[in-house]
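There are 2 protein chains.
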Amino acid sequence: MAPPHENTVCIFDTTLRDGEQSPGIALNAHEKIEIARQLERLGVDIIEAGFAISSQGELEGVRAVSQAVECVVASLSRTGEEDVDAAIESLRDARNPRVHVFIATSDIHLQHKLRMTREQVLEGARFAVARAKAFCSDVEFSCEDATRSDPDFMAQVVRAAIAAGATTINIPDTVGYTVPAEYAAILRGLYDRVPELEGVVLSVHCHDDLGMAVANSIAGVEAGARQVECTINGIGERAGNASLEEIVMLLATRRPHYNMETNIVTQEIVRSSRLVSRLTGYPVQPNKAIVGRNAFAHEAGIHQHGVLAHRRTYEIMDAESVGLHGSDIVLGKHSGRHALRQALADLGFTIEGDDLKRAFVRFKELADRKGKITSLDLEAIASDSLREREEAYRLASVAITTRTGEQAQAEVTVAGEDGEQTATAQGDGPVDAVFGAINRILGIPVTLVEYSIGAVTGGADALGEVRVVVELAGRTFSSQAVSTDITEASAEAYLRACAHAKAATEPEQELIGV
Amino acid sequence: MAPPHENTVCIFDTTLRDGEQSPGIALNAHEKIEIARQLERLGVDIIEAGFAISSQGELEGVRAVSQAVECVVASLSRTGEEDVDAAIESLRDARNPRVHVFIATSDIHLQHKLRMTREQVLEGARFAVARAKAFCSDVEFSCEDATRSDPDFMAQVVRAAIAAGATTINIPDTVGYTVPAEYAAILRGLYDRVPELEGVVLSVHCHDDLGMAVANSIAGVEAGARQVECTINGIGERAGNASLEEIVMLLATRRPHYNMETNIVTQEIVRSSRLVSRLTGYPVQPNKAIVGRNAFAHEAGIHQHGVLAHRRTYEIMDAESVGLHGSDIVLGKHSGRHALRQALADLGFTIEGDDLKRAFVRFKELADRKGKITSLDLEAIASDSLREREEAYRLASVAITTRTGEQAQAEVTVAGEDGEQTATAQGDGPVDAVFGAINRILGIPVTLVEYSIGAVTGGADALGEVRVVVELAGRTFSSQAVSTDITEASAEAYLRACAHAKAATEPEQELIGV
Chain X
2 MAPPHENTVC IFDTTLRDGE QSPGIALNAH EKIEIARQLE RLGVDIIEAG
52 FAISSQGELE GVRAVSQAVE CVVASLSRTG EEDVDAAIES LRDARNPRVH
102 VFIATSDIHL QHKLRMTREQ VLEGARFAVA RAKAFCSDVE FSCEDATRSD
152 PDFMAQVVRA AIAAGATTIN IPDTVGYTVP AEYAAILRGL YDRVPELEGV
202 VLSVHCHDDL GMAVANSIAG VEAGARQVEC TINGIGERAG NASLEEIVML
252 LATRRPHYNM ETNIVTQEIV RSSRLVSRLT GYPVQPNKAI VGRNAFAHEA
302 GIHQHGVLAH RRTYEIMDAE SVGLHGSDIV LGKHSGRHAL RQALADLGFT
352 IEGDDLKRAF VRFKELADRK GKITSLDLEA IASDSLRERE EAYRLASVAI
402 TTRTGEQAQA EVTVAGEDGE QTATAQGDGP VDAVFGAINR ILGIPVTLVE
452 YSIGAVTGGA DALGEVRVVV ELAGRTFSSQ AVSTDITEAS AEAYLRACAH
502 AKAATEPEQE LIGV
Chain Y
2 MAPPHENTVC IFDTTLRDGE QSPGIALNAH EKIEIARQLE RLGVDIIEAG
52 FAISSQGELE GVRAVSQAVE CVVASLSRTG EEDVDAAIES LRDARNPRVH
102 VFIATSDIHL QHKLRMTREQ VLEGARFAVA RAKAFCSDVE FSCEDATRSD
152 PDFMAQVVRA AIAAGATTIN IPDTVGYTVP AEYAAILRGL YDRVPELEGV
202 VLSVHCHDDL GMAVANSIAG VEAGARQVEC TINGIGERAG NASLEEIVML
252 LATRRPHYNM ETNIVTQEIV RSSRLVSRLT GYPVQPNKAI VGRNAFAHEA
302 GIHQHGVLAH RRTYEIMDAE SVGLHGSDIV LGKHSGRHAL RQALADLGFT
352 IEGDDLKRAF VRFKELADRK GKITSLDLEA IASDSLRERE EAYRLASVAI
402 TTRTGEQAQA EVTVAGEDGE QTATAQGDGP VDAVFGAINR ILGIPVTLVE
452 YSIGAVTGGA DALGEVRVVV ELAGRTFSSQ AVSTDITEAS AEAYLRACAH
502 AKAATEPEQE LIGV
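Quick note, the sequences are listed as chains X and Y, same order. In my numbering, each number is its position in the first sequence, counted from 1, plus 1. In my numbering, each number is its position in the second sequence, counted from 1, plus 1.
Same shape as in the complex, but just chain X (with noise of 0.2 Å):
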């Protein structure tokens, strides 16, 4: 029953596929390459990229990943022929290919998703493997919903998959649903009933819809397991996957306790949690464990007490272990763009061309403004810079006028593929009014589900980061913006959620697993 394998666990990160399929997120290649690279230098073992067959996009996007990055790349495919093929095309220029083949094995599933017999579920796993495994030695297979199928009957499947090549073995909590001694026993027993899967690595996947989701992780690895799928904030499907930051964090400040180690570089946590939570428009609120703003925050009064004196009365863990007082760049105003350049790639952002043109000028225009500009500004810009490249709309000026007891007035100008369009809009306040003038501009059925603005740092001349989130014929569309001027933020970050929207009318098929 005990596993043969060492005291490492692989991170297997999952942010730019179960991370992705979050409601709203929708993510360039561009912004995907980014990603991928700060996953890179937090030295996550295996990257899965995306899931192929769902869009041309999507494969591109994996594609572009794969490229970038010199760990495993991995991409989701389900068990058919064309699936587990755009699984492969989409690896081509990897370095490190693993495909990803997944199907459920739960009756539930097996009934209402997949209407296929058991023995169909056994054939289809048969065979995506063993095509995986003809273009790659690194296949993983998936039990989908594993934690509410039949023990026997995953066994059976699991020893089909091992025969056929797969070299990673992965038992998810799909639903959420499980619990730790009894997802260590699901664990355990299959130990007991598919002796082979000694020669593999075990994994596992568990999502936190009842907030187990670390906890399970944990367990399985208690329990045999060597990879741990996890997503950066924990993002993903509903309430999302097992947060990668706290298990990471988990068994290192535990390590005594659990005696296993990972490869990531904790000190480049924080930087990746702002990275994924700008890119994805979703925020990390508070108090999350490790890269919540009051994580390594005491309220003043207990500064009377303890923590000054000795700060492990009430500290665990150290906060510049997982990289949240980093060295400050800062540039002033007369920082020139090989300056900026530089301190971009200091913190990991390849940008040239003409995203560093762009950015360089947005870097003068804030200079301007501040005089001092930090690392924390640096990402912002670098992001947008990443952000803007691909739009068909550019903003091109916006004015307003409101008074306390009267409808604002906004003028909007935008510039399109046709040249430029002016509108104007009165609304409850300028930010309502900005919006109805794009409304105007654009011409589509658009409706506002969200609307957010935090600064991303302190301070009166802080930049402001505006998140829109956008409905149209069933599908939100999520963008971002950042300013000083928040009506101009989020006017831009308005702009390019409709655009977006307005650029999928043919909705692709999407696909979810796992």
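Incorrect hints may have been included.
[Claimed, not checked] Residues from chain X that face chain Y, not an exhaustive set, calculated with beta carbons under 10 Å:
| # | residue |
| --- | --- |
| 1 | I109 |
| 2 | G235 |
| 3 | T314 |
Since the hints were derived computationally from the structure, they do not count as laboratory data. All figures in this text were calculated on a predicted structure; none of them were measured in a lab. Here a beta-carbon is modelled for each residue, glycine too, at the ideal position from N, C-alpha and C.
Please arrange chain Y on chain X, whose structure you already have, making use of the hints.
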């Protein structure tokens, strides 16, 4: 070793005490009452309302809660005579008072925080429990930093506390360091060492620094605990406390597994979450289990698969069970004050007199703009009326002009005790200019720490809710305001936060515990 208690877990909610100790949260007595009333509707067994000795305002907050609810109200206290007496004083009017005494039992806290010997700690526990017991029969005793304490010494202290009259013994993981198996072993070891523990209620109190608060709490229940201390949305010191909604829904969803129940009315969970988020200014991330916006959401593509055909393919809980789609009260612009009062009462708000008058004015304004007013709108209006009543300053008017490429201009008029004052300012965008004008009027050097806007409901006519956190002399002050016009809401929220900061020129001593 097996505990004698039945299969009911008491829910001890500490949102108003440990939750309220989060940086930037400062609830006034009215806000505490509203939350306490909602907690009572939610069915919590015990409400910890505050830490009476920490300030006069805190003591009065506990008293106000004591007067407002029928359930057990706990007041926290260290072991000193004045501490205990303040707790007792705060509970004079409580129908079911509980004094909650705590003292640290770990050597690290004894040495670095308390500077006390073990004998002194033991004596302190005895003294304080006995003194509390003379006032009320219901006394809880907590060993602060229990999970890092010497088990034998902790057992000694627990025996002394029980001998002195404690009826609940709480074993907190104050620093969020423990893991489930270890925590269960600590509790089982305590049962072995202290046979008298069988005659009292064992309680758990877990922090989420490593993401294990819920798993640890449940491990505690499995080891015999029948009280769980937790907070709405998991707010609290640092990464927060165990999240009430996760504990409760885990026990409810996995009822056959744990065979434990709570007295919680789960249909009140979502509303409780919204109220606490709104009044504390602490947002809930979209992927938060149970109460996050996405917790019950599936990405669009999935509908092509199983969910519509058979919800249980991906859903393990019913959204109705947590009150996600409660009956949506809708009022129109012809609804009168009586209808508003009734609708607010249905939502659980007891709003009378001037508060009702103000709420009615807000309601009419909004009804004129939106036509239909939903329960979410009403909740926002009601919360805002509660906030407004104690303000020393009132926003009289705001006027703004801004155009791309030029500085924004703002003119703000504020009514205070000394009459009206008007100031103008320029800024990077309208909000910056408005804040500048308010700074000129109030004349205090606050720093803007955080600024965020969320929409109360979807749609272009949504109420925007602005949250502002400012810092003055090392302390943070937060406030919120709602309006369909976000510049107006921004001005209002900023003015309130600055007014709080100004009022607190003499900072009171603040304490933390457990």
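Evaluated hints:
1. I109: Constraint on I109(X) satisfied, holds at 6 Å.
2. G235: 6 Å, holds
3. T314: Constraint on T314(X) satisfied, holds at 5 Å.
Going down the numbered hints, you'll see the structure goes against none, and every one checks out.
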